[in-house]
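> Given chain R's structure and the hints, the job is docking chain V onto it.
Protein chains: 2
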Amino acid sequence: MNKQTSFRFYKPRKMKGRLAKLDPVKIADELARMEPELQATTFDQLSRIRALDVFQLLDVAHQERILEHLAADRAAELVEAMDPDDRAHLFNELPSHISEKFLDGLSPRERRLTDQLLGYPEESAGCIMTPEFVSLRPDWSVAEALSHIRKSGPGAETIHTLAVTDEHNQLTGMVELSDLVLAEPVRKVADIMNKELRSVRTDDDQEDVARLLQAANLLAVPVVNAEGHLLGLVTVDDAMDVLTREEEEDHARSGGAEPLRRPYFSVSDLRLAQSRIVWLLVLLVAATLTVHVLNSFEQTLDKAVSLALFIPLLIGTGGNAGAQSSTTVVRNMAVGHVQPGDFLRTLLREARVGLLLGMMLGLLSYPCVWIFADQSLALAVSLTLVSICSLASVVGALMPQIARACWVDPAVASTPFVTTVVDASGLMVYFLIAQAVLKL
Amino acid sequence: MNKQTSFRFYKPRKMKGRLAKLDPVKIADELARMEPELQATTFDQLSRIRALDVFQLLDVAHQERILEHLAADRAAELVEAMDPDDRAHLFNELPSHISEKFLDGLSPRERRLTDQLLGYPEESAGCIMTPEFVSLRPDWSVAEALSHIRKSGPGAETIHTLAVTDEHNQLTGMVELSDLVLAEPVRKVADIMNKELRSVRTDDDQEDVARLLQAANLLAVPVVNAEGHLLGLVTVDDAMDVLTREEEEDHARSGGAEPLRRPYFSVSDLRLAQSRIVWLLVLLVAATLTVHVLNSFEQTLDKAVSLALFIPLLIGTGGNAGAQSSTTVVRNMAVGHVQPGDFLRTLLREARVGLLLGMMLGLLSYPCVWIFADQSLALAVSLTLVSICSLASVVGALMPQIARACWVDPAVASTPFVTTVVDASGLMVYFLIAQAVLKL
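Residue numbers (our numbering), protein chains in the order written: chain R, 1 to 440; chain V, 1 to 440.
One chain only, chain R, in its complex shape (with noise of 0.2 Å):
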């Protein structure tokens, strides 16, 4: 596992054997880091089986723009052997003229499944359930749901889990699998399922299906219209990759940037630039407000030089102490542990955690700005410390719930924009301290 494959340099003709050597998790792993022209004519070697178990373990992404280089007959057969919900995900991020054409390539089975799931809105479950399923009856003896599944199992993406539904395709319970080879054949499908219905609805958020079978330690959820008639499944590697995806975008937006959606070296330059541009653009004009502060205080800063010796120090640790309560706030948002009931409940507890940690620094500090500078100095600076932290504390719980209030995403009003916006305010609140304090 740790050792590293890569193919990056060997001569085409030698590299047509290795291919046909290597796992197909390292191929599709290696060909993500490729750079883009590389990867088509790579993926070109793959033998015929081999090209598609390579092809459905990559990201949307690549598939993408593999297909955009393959001869048509062979991209259409790729996409015709996709399982439904992949198929439909890639579909999502084409260009619609092109996923119309591989639409029209399809045998008519696999265009009414895809249909289905493409009418379901993004993000939602219905986008990533699987439509091929296999349903059990409860009065079946086992045996008879074994054989059931024998006839009809080759076509569905998942027969591990198996659900239970009456003569209406109303949901009645769940089974695994395993828990029907270990019956006695002669038991009912009923006695044996599980009956405690963990559905979902088509059209909840994929992110909330994806941590409900992860906390119930689930391998796939039934997915049911209003009536509670059963539509599909959503299965646990694609309840995995969404969990990845939503990780990515939190995680990229937490640090003022859009999301990539692929390895970092298979995007240009400019597309990395692009994914940042507009964030920095946004925070600069944001942080323009931090000049208009401190230009109404400039009669001050002349009179007083030395306290622009601490500006960085102390808006430094406004943001710090802000990065730390929006980062804390949005990943418990994202996990369910802060819900949209517990608002005041947050903002109290940041701010009385930052008022702590503001007295600390502001004890442990002034000494030390006493030796460095003067005492009058050394007061407006533990003062500003500790208000500067509570009024972080309290911006980075506030500003993840507004922006989920707004019905945005709570990690874009995370960092960069909490230490923005401490910036400003606690330049005021330093200056307004020290105007007070060293009377000027």
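Worth flagging that the hints you see were computed from the coordinates, not collected in a lab. If you're wondering where the values come from, they're calculated on a predicted model, not measured in any experiment. Please note that the accuracy of each hint is not assured.
[As the list claims (entries may be wrong)] As a list, the in silico BS3-like pairs of lysine-lysine whose alpha-carbon atoms are at most 30 Å apart:
#1 Lys439/V x Lys188/R
#2 Lys188/R x Lys151/R
#3 Lys439/R x Lys303/V
#4 Lys188/V x Lys303/V
#5 Lys303/R x Lys101/V
#6 Lys21/R x Lys101/V
#7 Lys21/R x Lys195/V
#8 Lys151/R x Lys439/V
#9 Lys188/R x Lys151/V
#10 Lys21/V x Lys195/R
#11 Lys303/R x Lys151/R
#12 Lys151/R x Lys195/R
#13 Lys151/V x Lys188/V
#14 Lys303/R x Lys303/V
#15 Lys151/R x Lys188/V
#16 Lys195/R x Lys151/V
#17 Lys151/R x Lys195/V
#18 Lys195/V x Lys151/V
Only chain V this time, still in chain R's reference frame:
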């Protein structure tokens, strides 16, 4: 799913009735959000079977707290019924005198399994593998394999994935239960098993193992020793938990705090402050660098106080650019897209992107500052933006990679540290440019 079922305000007598009806997943979720005192009393009201279900769904931190408050015999019963890997994970977190007491109380079989897992290093695959698995022989028929599974399956943690080993317990392949069920009973296991050996070693890092499971869409991956002998399986539910734990760690550290490892409201204010104070202090000490830098330029500042107006804006923008580059690099290192060999490639790339971003920001800000102040100040600010963005992007890419080279979690060297380094060096750049441009 969206409805929040809360029983925090129910009277104890009413609660018992409600608890009997609720899904264990919901109960576990609610327990995790409760303040410490309520948690144990609520748990105490659960029926025996339900208590076990709920207990197994809880995080280690909550399991720990609940065990503390339960009667000794009830606690011992819960621990005995846990899966060995979950139990080992719990014991690793418990104070050693408590875990030893529980270890002594275990049945000989469970004790042996647990002892075995406790011997592996922390964060290794060995700690999270289940030693209770079923293995098949390649020369068995499918019918023989299924009948073996029926006999030995009930003691295993999972039978969805089965290992195939030779008579020396050497791993030769893997087969899924679904493939066995769908195959002709007379076929040989060797014919239907997957010979692509994706196994890991006991001392492989948990996160790598989890990423492998995810990349290859596996339900379980076999763990072998140096001789290729099968020792256990890591299942997908444990892999998901590992990923979530690692994400939480990265997320907290990227915000400059230690991970809480428990839900926000279940920790005390003091514990929250504790997870932050060390980082704040270290960063505050690092930030004193900025005071020294400014101090050495005090004369320049005295001559042109208006230079101070742009300090927060410039170092703020530098911090943002640094945060963007460090979060991108840290994330791509975590998922394996930036490897140790990519050191220089990453630095060059970030230098180019940083320069590009800086030039865009510099060009845009030039006329704005000109209007606001004067032309030479505008020039100084623009040139500083170009330099600070390039510098920050490189530092953002450099620090996590240096951290990894020193065996420190790359996430530690993220946003707040990058910001602090960029603050000090950015100030130096600003004043040097300003001295040259304004001829001070």
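> Each hint should be assessed against the structure and marked as holding or not.
Results of checking the hints against the structure:
no., hint, result
1, Lys439/V x Lys188/R, "violated (91 Å)"
2, Lys188/R x Lys151/R, "holds (19 Å)"
3, Lys439/R x Lys303/V, "holds (23 Å)"
4, Lys188/V x Lys303/V, "violated (88 Å)"
5, Lys303/R x Lys101/V, "violated (68 Å)"
6, Lys21/R x Lys101/V, "violated (51 Å)"
7, Lys21/R x Lys195/V, "holds (12 Å)"
8, Lys151/R x Lys439/V, "violated (86 Å)"
9, Lys188/R x Lys151/V, "holds (20 Å)"
10, Lys21/V x Lys195/R, "holds (12 Å)"
11, Lys303/R x Lys151/R, "violated (88 Å)"
12, Lys151/R x Lys195/R, "holds (25 Å)"
13, Lys151/V x Lys188/V, "holds (19 Å)"
14, Lys303/R x Lys303/V, "holds (13 Å)"
15, Lys151/R x Lys188/V, "holds (20 Å)"
16, Lys195/R x Lys151/V, "holds (26 Å)"
17, Lys151/R x Lys195/V, "holds (26 Å)"
18, Lys195/V x Lys151/V, "holds (25 Å)"
Hint compliance for this structure: hints 1, 4, 5, 6, 8 and 11 are not met, and every other hint is.
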